[in-house]
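Protein chains in written order, with the numbering used here: chain A, 1 to 298; chain B, 299 to 596; chain C, 597 to 845; chain D, 846 to 1094.
Keep in mind the hints are simulated off the structure, nothing from the lab. None of the hints are false.
In silico DSS-like pairs for lysine-lysine, Cα to Cα no more than 27 angstroms straight-line:
| hint | chain 1 | residue 1 | chain 2 | residue 2 |
| --- | --- | --- | --- | --- |
| 1 | D | K1023 | D | K921 |
| 2 | A | K49 | A | K162 |
| 3 | A | K162 | B | K466 |
| 4 | A | K168 | B | K466 |
| 5 | B | K514 | B | K526 |
| 6 | B | K347 | A | K162 |
| 7 | B | K514 | C | K729 |
Note that this is a predicted model, so its numbers are computed, not measured.
In case you want the letters, here they are:
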Amino acid sequence: MDEFENTASQPLLNTAADNARSLIIVLAIMSFLAALAILLSLSADRLGKNWQGELQRTATIQLLVSSPELAEAETQTALKSLRAALPEADISPLGTVKSRELLTPWLGNIELPEDLPLPVLISVTLDSGDTLSAPRIMTVLREEGLLAEIDDHSRWSDQIGKSARGLKAAALTILALIFGAGIAISAFATQAALSTQRDVIRVLVQVGAEDSFIAKLFIRQAGLRGLKGSFIGAVLGLLAAVILSLRNPKDTALLPDLNMNWTDSFYLVLLIIGITLICSAAAGFTTYRLLRRERRRS
Amino acid sequence: MDEFENTASQPLLNTAADNARSLIIVLAIMSFLAALAILLSLSADRLGKNWQGELQRTATIQLLVSSPELAEAETQTALKSLRAALPEADISPLGTVKSRELLTPWLGNIELPEDLPLPVLISVTLDSGDTLSAPRIMTVLREEGLLAEIDDHSRWSDQIGKSARGLKAAALTILALIFGAGIAISAFATQAALSTQRDVIRVLVQVGAEDSFIAKLFIRQAGLRGLKGSFIGAVLGLLAAVILSLRNPKDTALLPDLNMNWTDSFYLVLLIIGITLICSAAAGFTTYRLLRRERRRS
Amino acid sequence: MPIINPVSSPTVPPAPEAGAMVDVVRFERVGLRYGRGPEILTDVNMRLARGSFTFLTGSSGAGKSTLLKLCYLTLKQSRGLINLFESDISVMSRAEQQATKQRIGVVLQDFRLIDHLSVFENVALPLRVTGEKREAYRQDVMELLQWVGLGHVMEAMPQTLSGGEQQRAAIARAVISKPDLLIADEPTGNVDPVIGRRLLRLFSEMNRMGTTVLIATHDINLISEFSVDVMRIENGQLFSGLENGRVHG
Amino acid sequence: MPIINPVSSPTVPPAPEAGAMVDVVRFERVGLRYGRGPEILTDVNMRLARGSFTFLTGSSGAGKSTLLKLCYLTLKQSRGLINLFESDISVMSRAEQQATKQRIGVVLQDFRLIDHLSVFENVALPLRVTGEKREAYRQDVMELLQWVGLGHVMEAMPQTLSGGEQQRAAIARAVISKPDLLIADEPTGNVDPVIGRRLLRLFSEMNRMGTTVLIATHDINLISEFSVDVMRIENGQLFSGLENGRVHG
Ligand SMILES: Nc1ncnc2c1ncn2[C@@H]1O[C@H](COP(=O)(O)OP(=O)(O)OP(=O)(O)O)[C@@H](O)[C@H]1O
Ligand SMILES: Nc1ncnc2c1ncn2[C@@H]1O[C@H](COP(=O)(O)OP(=O)(O)OP(=O)(O)O)[C@@H](O)[C@H]1O
Ligand SMILES: [Mg+2]
Ligand SMILES: [Mg+2]
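Between the sequences and the hints, there should be enough to build the whole structure, so can you do that?
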């Protein structure tokens, strides 16, 4: 009798009967898509903010010089008063070469006459954090008797903000859908497990097991599967995102580039926890529901 | 005995036991995502092609006039020879007002001197189908003794092509993932159904049912569920895409606009058929595998 | 009228005494072991002639159910030869096996009724599987159910039946297709003696119509009431009669 | 030593004759119908005193299993009063019901063994559910399995057992937690008379140690060998003895 060394209990739920593997694959694919959606959404958010911030912190001032001869003097005056007004900013004239370059798309490589009264372009770049007040600069220059126009990129900035928000909304929608699918899959899998293991439950109820005892079995099983599936999916999603972010960013002007950040993985951890919890909760909920139904039936 | 009017057979598979509803929800969500991916991919493809085509069919010719006085005469010569060379194309001078407008972003509202030798801009728009040969136009003009530059937008065109291809690749990847998940879910659901209905199978085998008889039951069940789920998902996906395409397209400069086409629904029909087939095939495959395994066991 | 009423069918085709003595089941030196376990059956020789009626006894765990499983093709012998209806089962294709199973009616210790099908549907299953039309078999099924005393629960689900009622439904399913071979494992374990005797009368009616019957049972009282062949398994070997004496093929 | 050996436990707490006559089960005018069906049980009055041993008979479909289900809390009466261990079951909370079930051992017609658990694990289940430590019960389970003749298949899976072996495993599971009330539905249906008598000896050993026993059976021979109370269900009513004569509460 003593050669019978059964020191560890067998698991009460039949692990072989219901097919854990394909469930985990499904959960992994869902998590993979969710992870990509999260990373894309974070990326779009950050990218949008960066671009907007940068645009809002730079401006181009066009100084309308009275005549080519006075250009040099007026430029110096303007620079001086701008630097006085914005001591933190990086202010520099673009120079005629640069001015002409900017015109090239429209004028071609035409030899422009030297005496063309081209406006003097001055670029202003603020320290991060500050934003530009166009009217204030205009006032400063007008006090010096200078005429200027300011392009503060506000139109572009709005555009980019809207795009980023749209992208984020799309990513969040996908995320919500994937979570919905996760809940449905979990509920489905638990129901399947419960009907496969109906005999086990019947016996457990008969020998006097508490509902919580039975529910715990299914919650643990479903949670473990959720954890495995979402972990695999999230890790693969992270890998895919890293690979995508290593692409040549110029390849796709229309697609926002993924610019990853290590803090993003925090959200992936949240994703894993979320899917695990959803699976467990669906399992617990379904178990209690079925137990109650069985009880009512008899 | 005659009040017992059982004229229709009951379905052999237990439809109540395994939870068809949550499976259908899962399949619907997968199909919804797949449908969106398909529509997005088709849209991106078409959009890219349209833009590319339009860009390739328009060009701006900058005529470098020798002096402001000769501008008018040289423009007429150029127009005449261009029209002769490209009889189908829409060729028109942009006029000085338009030329100046194009310069505005760079020069501001400066009063340019009248005698500024601005290049004359001529826009060329080909009929759809044709594409522009820049060298040929240059030759035509050079024969008339005219100097010109051509901007045929080729740099932009390449960019857009690459973006569209990237977007399409992304959409196809998502599609492949969703199909993978669909296969996994189907296999999972069938296995679950088979283990729930193991008793039915055992009895059917015992009373002499052929494997194909049993497999057919599961294939039909899984196929019907695949059909229902993918149909719901595809219709909802189409609806969502239509709603998205009705948005103000200017809102999102970075996101490619969905421009739907009624022929796209053909691909959605393919999607529905595909998912139905996948579900059926997974069910058939799993049934035969389990039947074979059961047989080996006994 | 019950379909198994012998009076209403005087022209039963080849009655046992009419044709040549054909073996419906034939075992030759059959051995069986489960996996790597010991041999449960050793060198079993057995012949069931067409139209014979045989009881199989033996203590619990002797191998009665195992022997029956070999006969209804749910188990493969480890060695030896098994012929069913004069063909070697080990060379049968899957389709031939299933066709053979359609000629065998089986009643098991656990009744194996399908929970979500009514009693009527459960009993009609063997006919449905062979593709018969519902109109053709409906009346037969209803008559048989009346006969076994389940006329009032035809549309009930199996779980709502008592143990004995379930057993009778299982028996009805086994005999509905008028099988050539009827195999029953402990068919009277859950019914009282009155119903037990009634079920055995059903089996012997079937037998008189040409069906070969093989029944495993512990119920010595039952056996003693019938003057039929008795076989007994002891230590993996098959003996004839309730006393010692080996069966030879 | 087998845990149920009466010799090794001379100090069994309140033996039936020692304490006051307490009712373990008490039915008062209990009626039961399934759904909208007819009343299966009508105005049943029944008292099982602590330490009593009772057989319940009746024809197939009479309502034996139904009466037992009421006793082990798997069915609710349609009307009347049922007390278990002196408390009214209709006012018990879910947790109290489950705690009460832990005091009742049940053997059913279908054995309800869990397929993926070994015989040992199946038998140990009631102890595991109450949270007992494996080291504490391991020896007891093994001894009980030896006693019912399953010592050699402790680690086997239930499907690999013969019908009679499964029945014994189910009985072992019912008695392992030394329940105050033991309910068995047709516990000898699948075993031969020798083993049947052995199982009944197990039940009477349990009974001598204070367990109240209620057994439903068709097996008249078995009943006649034991000098115990007999109750009979007929037309939904409960009578005492094998002959007519109504039981009164
Ligand atoms: N699938 C299996 N795998 C391994 N062993 C098995 C299997 N099925 C049965 N056995 C063993 O084979 C032996 C014979 O079993 P079988 O079911 O044939 O007995 P039986 O004569 O029908 O007994 P009973 O009267 O109790 O039903 C038993 O000891 C049992 O443990
Ligand atoms: N869940 C149920 N729903 C409806 N009717 C039921 C249900 N369970 C049992 N019955 C009916 O109640 C009656 C009594 O059944 P029960 O199982 O108590 O009989 P029994 O005395 O145990 O018979 P047996 O000896 O055949 O096991 C039967 O007619 C049966 O059809
Ligand atoms: Mg057996
Ligand atoms: Mg019963």
